[in-house]
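Residues 1 to 155 in my numbering are what the sequence shown spells out, letter by letter.
These aren't lab readings, by the way, just hints derived from the structure by calculation. C-beta atoms are modelled at their ideal positions from N, C-alpha and C, and glycine is treated no differently. There may be inaccurate statements among the hints.
Said to hold, decoys possible - Across the chosen pairs, the derived CB separations fall in these ranges:
id, residue 1, residue 2, range
1, A123, I46, 28 to 34 Å
2, I40, A123, 30 to 36 Å
3, P38, A123, 16 to 22 Å
4, D143, S100, 28 to 34 Å
Claimed, not checked - As a list, the in silico EDC-like pairs of lysine to aspartate or glutamate whose alpha-carbon atoms are at most 20 Å apart:
id, residue 1, residue 2
5, K67, D56
6, K104, E86
7, K32, D143
8, K32, E86
9, K104, E149
10, K154, E94
11, K67, E149
12, K32, D56
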Amino acid sequence: MAKRKSATRKRAAAKKPAPRRAAPARKAAPRKQVIGGPLIVGGNVIPISKAVRAGDFVFCSGQVPFKDGAPMTAGTIEEQTQVTMETIKGILREAGCSLSDVVKVTVWLRDTADFLGFNRVYATYFPGGPPARSTVQSRLMVDVRIEIEVVAYKP
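Can you build the whole structure from these sequences, using the hints too?
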């Protein structure tokens with residue numbers, strides 16, 4: 001019986017896994033960075049960041065057209081799209097990015113009839129290699145025709 005236990009121990013010892021190697025050192029996780037100052041509407045500070053950089057990605061909050069510090073409740077879809085895209089360009093610039101770094105766009109339209117007008121203006125901002133995009137019709141939180149959110153990637 002003693003010989004049997006000894007043989008079993010020898011086989012178990014032979015099957016032991018190799019010692020673990022130390023994992024390679026990892027870079028410190030990048031911290032999030034808030035882009036832009038506070039959003040103030042009608043004298044009220046709105047609890048939202050214009051954008052947040054997280055590592056190599058910049059996530060822009062949904063933007064609506066503003067004119068003279070207030071939501072642009074008048075104007076065509078083309079005008080509102082242009083104002084919104086120019087706002088997004090400015091936010092991306094603050095983050096060290098441009099529209100060419102945008103990889104994903106989400107668009108909310110108040111009315112599906114606005115799609116063609118929106119799309120004509122949008123196409124001028126992404127003339128080659130446009131980003132992935134989702135466009136939906138939705139009731140918006142502000143009385144405007146459009147809201148646009150983008151994600152940019154810039155290592």
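Here is what the structure says about each hint:
| no. | hint | in the structure |
| --- | --- | --- |
| 1 | A123 to I46: 28 to 34 Å | 30 Å, holds |
| 2 | I40 to A123: 30 to 36 Å | 32 Å, holds |
| 3 | P38 to A123: 16 to 22 Å | 33 Å, violated |
| 4 | D143 to S100: 28 to 34 Å | 32 Å, holds |
| 5 | K67 to D56 | 31 Å, violated |
| 6 | K104 to E86 | 17 Å, holds |
| 7 | K32 to D143 | 31 Å, violated |
| 8 | K32 to E86 | 24 Å, violated |
| 9 | K104 to E149 | 8 Å, holds |
| 10 | K154 to E94 | 13 Å, holds |
| 11 | K67 to E149 | 18 Å, holds |
| 12 | K32 to D56 | 10 Å, holds |
The structure fails hints 3, 5, 7 and 8 (numbered hints given earlier, in ascending order).
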